[in-house]
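The residues making up each chain are set out below.
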Amino acid sequence: MTALAAPAREAAAARRTRAELATDGVVVVVVVAVLLAGLSTDRFVSVANAKAILTSASLVGVCALGLTLIMIGGSAVSLAISQTVAAVGMVFLSAQSLGLVPALLLAVVVGALVTGVQGAVVGHAGANPVVLTIAASFAIAGVATGVTDGVSVSPSGTGYDHLNATPAGLPLSVYVLVALTLGVEWTLRRTGFGRSLYLVGENRRAARAAGLAVGRTTTLAWLGAGALFAVTAAFTAAFNTSANVNLGGTLTFDAIAAVLAGGTPITGGRGSAVRTFLGAVLIAAVSDILLLRGYSTGVQVLVKGLIVLGVVVLVHLRTRSRQA
Amino acid sequence: MRRLRLARPELLLPLTAFGLTLVVFLLTPTWADVELSSFDVYNTLQILARLGPLALALGLTMIAGEFDLSVVGTYALGGMLTVQLGQDDWRVGLLAAVGTGAAIGLVQGALIAGLRLPSMPVTLATYIALLGLTSALSDGLTKTYSNIDVTLWVDQPVLTVFSPRSLITLGLFALAALLLAGSRWGRELRAIGGDRRASRVAGVRVGRLLVATFAASGALSGLGGALLSFSLGSANPDPGVQPLILAAAAALLGGVSLAGGRGAPLGLLAGILAVALLAEVATVAALPSYVTQLFYAALLGVIVVVDAPDLHAGVTRLRTHLRPPPVPPAEETP
Amino acid sequence: GGSGDDDDKASASGGGGGGLDGKTVDFVGYGADNPWGAHFNKVFTDKLEGQGVEIRDLTTMDPGTAVTNFNQAISNKPDLIVAALLDTSSMVVPIEKAKQAGIPVLVFDGRPDPSVDGDVMQVLSDSEALGVAAAQNLVEGLQAQGKDSGDIIVITGTKSGFAAQDRMKGFDAEMAKNPSYEVIETEDGNWDPALTGKIATQLIAKHGCDGIQGAYGMADYQAVAIIASAEQAGCQVGGADGMVVTGSNCFKAGIEAIKAGTLYGTATEDPGTIAEQTADYIERYFNGEEPPATEVVKEERVTAANVADFEAQCSNA
Amino acid sequence: MSEAPVATRTSEGLVRVEGLSKSFGSTQAVRAASFGIARGEIHALCGHNGAGKSTVVKMLSGQEAPDDGLIRIGEEALDLRSRQVAQRYGVALVDQELSVVPSLTVAENLMLGDARTGWLNRGRSSAARFRALLDGVGLDHVGLRQPLSELGIGERQLVEVARALGQDARLLILDEPTATLSDVESQYVYASVRKVAAAGCAILFVSHRLGEVLDLCDRVTVMRDGAVVATTPAAELTVDTLIHQMLGEAPQRLAESARGQAGDVVLDVEGLSVPARLHGLDLELRSGQVYAVAGQLGSGASEALRALAGLVPDATGRVRVDGREVRLGRSTASVRAGVAFVSNDRKSEGLFLDKPIGWNLLATRLGALTRGGVVVSRRWSAALDALVDLCGLERRRVGHDVRTLSGGNQQKVFVGRGLARDDVRVLLLDEPTRGVDVGGRAAIHRLLRDAAEQGLAVLFSSTELEELQDLADVVVTLHQGHVVQRHDGPTPGAVLLREMTHGAFEEVRR
Ligand SMILES: Nc1ncnc2c1ncn2[C@@H]1O[C@H](COP(=O)(O)OP(=O)(O)OP(=O)(O)O)[C@@H](O)[C@H]1O
Ligand SMILES: Nc1ncnc2c1ncn2[C@@H]1O[C@H](COP(=O)(O)OP(=O)(O)OP(=O)(O)O)[C@@H](O)[C@H]1O
Ligand SMILES: [Mg+2]
Ligand SMILES: [Mg+2]
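Those protein sequence lines, which keep their order, are chains U, A, B and D.
For the first sequence, the numbering used here gives the first residue as 1, with consecutive numbering after it.
For the second sequence, the numbering used here gives the first residue as 1, with consecutive numbering after it.
For the third sequence, the numbering used here gives the first residue as 1, with consecutive numbering after it.
For the fourth sequence, the numbering used here gives the first residue as 1, with consecutive numbering after it.
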């Protein structure tokens with residue numbers, strides 16, 4: 001009580017610290033730099049290019065939303081995203097004969113289950129998520145290869161093509177990304193599940209002692225993540241019209257990069273869907289600028305890595321300044 | 001109260017893993033239609049040489065409570081630099097790989113220690129960036145190393161089962177074991193892995209130690225890449241994630257705890273030998289690659305689940321509920 | 001087992017008659033996690049095992065593991081090693097070791113490094129012909145639309161492999177014959193459909209629908225990804241005035257696209273055909289027929305005109 | 001009250017801090033603090049929670065750089081940039097937070113940061129010295145090669161004390177070294193500290209146990225809100241005057257009349273056991289009264305609370321809340337039955353340090369604040385306002401992260417989490433006022449008393465006699481996992497102490 005009455009605490013509390021201002025400054029400078037680089041790049045500023053950026057952010061973005069749930073819940077990352085997407089993509093295409101909606105539902109259920117099981121092990125048993133998902137990636141790829149003999153799965157119907165629709169000139173996946181971003185953000189902010197997830201992510205032991213359902217919350221987060229991976233899988237499979245174990249490509253690291261570039265710390269307890277969305281768009285925009293300026297894939301990947309590194313450092317400095 | 005030293009996980013796990021895989025290896029002829037020969041030992045050691053430096057690099061940082069995902073990036077870059085700069089003189093290539101690796105480790109270590117950043121996101125970002133850099137350096141192409149004498153030399157059989165490459169790798173493990181067991185480095189490495197804040201308060205030079213560990217990790221990965229390039233006579237800009245996964249499996253089998261603070265180089269060696277033996281069994285028995293994949297999945301899955309802290313609680317709870325409550329010892333009742 | 005101490009056996013021309021029964025083949029092919037490899041392995045293994053050949057499966061998609069496996073194969077002293085070269089240069093030394101150990105080696109699909117060209121038997125797919133076919137498809141398609149000139153984008157397979165390099169060699173040579181058509185972009189799609197789609201989306205945004213008249217996706221699944229990107233960007237594909245897209249090794253998805261009119265054409269290099277021919281080569285070799293050191297699989301250009309003929313052949317992967 | 005005349009064993013000042021200041025962001029933790037410690041002097045540093053004691057300690061031990069001011073040891077003004085530099089100048093430290101590494105052995109822990117242990121490991125050369133150190137703090141039953149993780153929390157604390165003692169320091173700083181220790185164990189620490197002081201070392205001793213401060217120390221420096229109020233010879237102080245210096249007012253103890261009337265049975269425990277730690281605890285808790293389980297470290301008192309909270313997987317026994325059986329071993333089951341638990345480890349098993357005060361207070365009652373899984377803002381803010389007032393926290397600060405509070409105020413948030421909840425029937429608290437100042441302690445005691453009167457069963461554990469006597473209506477003493485005695489109503493401290501330290505064995509014999 002005495003401590004709380006200390007006069008020094010009073011005013012300054014709401015003021016921003018110098019470190020916060022500095023990190024904000026850096027962010028502003030970077031955004032301006034990206035904009036300038038974009039403006040000075042031929043054809044960057046065009047409706048078509050904006051559409052292209054959103055399109056290329058959309059599939060990674062939906063995956064990254066799922067990973068955001070996992071990361072906020074304190075289970076670091078899943079390294080099995082690519083393989084999950086590939087396997088679910090196969091399921092989606094081979095279920096086309098049932099019709100689009102049943103196939104989509106089936107895909108979401110399979111994705112949620114495959115990922116949810118891992119989440120249950122992480123949540124209830126406290127297994128290390130990084131190693132567990134490495135194991136899962138091997139298992140999923142192995143089973144998928146074993147079942148299909150490595151042969152690409154072709155669609156058993158044509159319903160999937162609706163996912164390639166472009167209402168008002170924008171691919172459906174962009175609308176889906178925006179809708180899901182808002183949905184996930186709302187869930188995180190407004191529901192009891194969202195708040196428990198932040199608490200579990202920040203301090204698992206404390207959450208358990210406080211009587212929060214740690215295992216259930218974690219499992220739910222992973223189930224949600226799996227469902228979101230499945231949405232990406234359906235769109236990717238529909239886009240490629242065939243699926244094999246390599247369908248997921250580099251999605252795992254792309255999604256991690258997007259979440260981290262959005263400023264969600266890997267240690268959990270913080271983060272938001274909107275930030276992840278922005279992270280995905282930032283990476284897509286920078287890659288786009290580099291591509292338009294004629295840089296090779298290697299340089300694009302290099303810059304992606306540096307962006308992630310920069311954001312990680314900035315976010316950390318900012319959080320620490322808040323703790324001080 | 002004192003438990004047997006052997007029963008401690010940093011010894012028990014690697015010894016069990018090595019023992020079991022050795023038995024599996026020796027029993028291969030009974031279930032697969034093959035003969036074992038000294039070449040199989042040679043090949044096992046070649047696999048060890050390929051993964052050993054990575055496992056050691058990863059293991060050291062894991063003991064310190066960090067996780068250096070960038071090892072594979074450094075490995076790729078080291079291999080590429082070796083090939084591109086070492087065409088005329090292998091020493092230049094080797095030096096470039098090891099030096100660059102150490103420098104990358106130094107920078108990462110300084111970032112992580114100086115700003116007290118978690119290592120996972122930093123090394124992940126570095127990993128992505130290094131793969132990009134390697135690919136940019138080579139234009140995305142595999143580069144050939146034309147000094148075939150070096151290629152032949154590093155893999156020539158020595159004493160039937162060894163090669164210079166595997167001997168170098170074994171030497172690295174011996175050196176690390178000596179350093180960690182014989183100096184305060186080992187103790188302090190485990191200390192900062194076990195409780196960073198407490199070590200700092202106790203007066204351990206946490207920052208310096210972390211930077212040195214990451215530098216060592218980088219140098220080892222660079223060296224691993226260089227040795228691989230010498231051996232393959234080429235450098236591939238993207239080695240994939242398989243080396244990382246096997247190195248991580250080796251480190252975990254080697255008794256290193258994911259939570260940090262536990263592990264020793266000789267345990268790591270046993271762990272990597274176990275993984276190499278398994279890989280050799282898969283090769284000798286000609287298992288299809290997806291079966292091998294499933295096998296590694298099962299192995300890692302078992303390790304990580306057995307290591308899972310809350311599972312122990314669950315098992316204890318279950319056991320307690322299945323058992324009738326113990327009668328309090330009569331003689332102690334007041 | 002050792003590598004270098006059996007030189008006296010080396011000169012024997014391993015096959016030398018005697019038929020296939022009981023012969024051992026160590027097979028260091030592509031892993032089954034690659035669809036092309038999966039189908040190849042199935043056809044190849046079924047055919048030879050049916051005739052009593054014992055095949056040891058050392059397949060993998062990891063170049064480093066491939067070297068280890070190849071060395072293992074040498075120590076197993078089979079009658080023949082059959083290998084695919086994931087990484088051409090890293091296989092040079094192993095091939096030389098096999099030669100010293102007197103074990104014959106057959107390389108399929110992609111060619112070996114020139115330094116060991118004479119030391120192995122080869123059943124190759126004709127990558128240059130595939131590139132030529134792709135260029136012919138584009139030129140033919142554009143001319144059919146009445147366009148005398150046009151801008152073309154290319155998204156390749158992994159640039160570090162000979163397969164992609166050789167295809168580009170053939171493609172560039174053929175395009176050079178028609179200088180009015182210009183290749184304006186060449187990007188590395190890494191044999192990855194998702195990456196290819198992403199790059200295509202950006203390239204289309206960069207140049208606009210009317211800035212690109214033709215596109216080459218090095219494998220059908222890449223060409224299909226380009227088509228999907230173009231359609232999502234609102235560009236017309238195929239038909240009287242749309243973008244002309246070609247692939248160059250046929251997959252089921254490609255055949256479907258040709259039938260749908262969005263893919264102008266492709267070329268064979270389907271795994272089944274090469275597997276058949278490789279197995280056939282081995283039969284002839286073990287039967288002492290001394291086949292030529294290098295055989296090239298005949299590659300066929302596929303367009304809407306002849307797609308029916310290739311539908312079955314191309315629909316296995 | 002300016003600085004009192006120095007009355008020390010030697011008059012020479014060895015350590016002096018002059019005008020030391022330190023701010024964290026907008027919080028000024030220490031303002032221009034000055035005091036001196038003589039060679040051979042045991043100097044106490046007292047003050048309410050958040051007064052800035054630990055911050056002074058951190059600056060003296062090289063963990064934080066002062067914003068302003070000087071630190072002199074001997075005649076030199078020092079720049080203590082890091083722990084290593086401070087150690088080189090002879091500053092040894094027992095931190096407020098337990099600072100030993102569980103994954104190392106006892107001997108390895110003693111070696112950490114020890115300048116005399118060189119770069120090379122030379123076998124057993126230091127074994128004899130370490131053995132003597134351990135024996136000196138009463139750890140003669142502990143082996144040097146035993147992993148620290150096998151020791152209890154009090155034993156670990158003693159290992160840390162032994163490490164600091166072994167560094168032959170010029171200045172030895174102990175920041176609440178006895179907070180986790182029982183009175184018996186604390187005696188070892190006092191004896192060791194006296195011995196080191198007698199050898200000429202200057203000692204800075206931080207504690208909230210005012211009795212021990214006055215017994216042990218030569219002079220007392222009191223801080224309030226970051227500033228030094230006074231430095232006074234201990235002989236001139238009584239507990240009351242010391243409290244007056246610290247708070248500027250005398251705290252109210254709960255009056256005898258405030259003792260509660262027993263209501264219905266809320267919690268009924270039969271034969272609660274944990275293998276090797278707790279043997280057959282029977283307990284009946286009624287509403288309106290505050291109960292305590294008392295015992296030294298390792299007595300099983302903590303274990304009993306943790307078992308009731310569902311945090312001990314191998315606990316057995318029969319537990320009923322309001323007559324309904326509770327399954328042990330699962331925290332969610334206990335919570336559902338209406339058990340709330342406040343652990344003794346608020347950092348790692350308590351608070352969400354990087355979340356706002358509001359989130360921390362409401363974390364345990366998310367269910368009541370949501371409808372159909374969606375948080376109802378109105379309920380959220382209403383519940384928050386009520387709690388903040390109840391706990392005596394400032395409304396203005398509810399949005400701030402808990403990390404920014406002092407230890408005592410963090411503890412209030414922690415306790416507050418279990419209060420004013422419809423679904424809670426039993427409140428379990430392990431050392432509810434650990435590290436809390438006198439004022440905060442009285443406030444927390446009042447909260448608990450009120451909770452009991454509202455019909456909750458309140459059970460806490462403590463090792464401190466004063467707290468047991470102040471707060472508990474019923475005290476159950478434990479020794480080595482067995483119940484010794486149940487006391488209803490006021491009990492002499494000497495009786496409690498004897499039972500806690502020696503069990504019932506001797507009594508039976510007598
Ligand atoms: N790292 C930090 N960041 C922000 N504020 C801090 C930090 N450390 C201490 N403070 C603040 O400085 C003030 C003094 O804290 P300090 O820990 O020195 O108090 P104390 O006297 O040791 O209290 P206690 O008796 O509770 O341990 C408190 O208000 C605390 O909230
Ligand atoms: N891991 C363990 N295995 C076996 N016995 C243990 C273990 N940990 C502690 N003990 C023993 O169990 C008994 C109870 O230990 P514990 O420290 O939990 O008591 P406590 O409830 O915390 O006591 P206090 O009330 O003083 O806090 C002690 O005798 C201790 O030595
Ligand atoms: Mg303090
Ligand atoms: Mg206790």
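Any given hint could be a false lead.
Listed next, the in silico EDC-like pairs over lysine to aspartate or glutamate satisfying Cα-Cα at most 16 Å (straight line) [what the hints assert, rightly or not]:
#1 B/Lys77 <-> B/Asp46
#2 B/Lys47 <-> B/Glu276
#3 B/Lys47 <-> B/Asp280
#4 B/Lys77 <-> A/Asp33
#5 B/Lys99 <-> B/Glu128
#6 B/Lys42 <-> U/Asp149
#7 B/Lys298 <-> B/Asp119
#8 B/Lys47 <-> B/Asp62
#9 B/Lys147 <-> B/Asp280
#10 B/Lys97 <-> B/Asp119
#11 B/Lys97 <-> A/Glu35
#12 B/Lys77 <-> A/Asp310
Source of the hints: derived by calculation from the structure; they are not laboratory data.
Now for the hints, and whether the structure bears them out:
1. B/Lys77 <-> B/Asp46: Distance of about 22 Å is beyond 16 Å: violated.
2. B/Lys47 <-> B/Glu276: Holds, at about 8 Å.
3. B/Lys47 <-> B/Asp280: holds, 9 Å
4. B/Lys77 <-> A/Asp33: Answer holds: B/Lys77 to A/Asp33 is near 14 Å, not above 16 Å.
5. B/Lys99 <-> B/Glu128: Violated, at roughly 28 Å.
6. B/Lys42 <-> U/Asp149: holds, 9 Å
7. B/Lys298 <-> B/Asp119: At roughly 23 Å apart (the allowed maximum being 16 Å), B/Asp119 and B/Lys298 break the hint.
8. B/Lys47 <-> B/Asp62: Given pair B/Lys47, B/Asp62 is violated - Cα atoms ~25 Å apart, limit 16 Å.
9. B/Lys147 <-> B/Asp280: violated, 44 Å
10. B/Lys97 <-> B/Asp119: Judged against 16 Å, a Cα distance of about 11 Å means the pair holds.
11. B/Lys97 <-> A/Glu35: With Cα atoms ~21 Å apart, B/Lys97 and A/Glu35 exceed 16 Å; violated.
12. B/Lys77 <-> A/Asp310: violated, 51 Å
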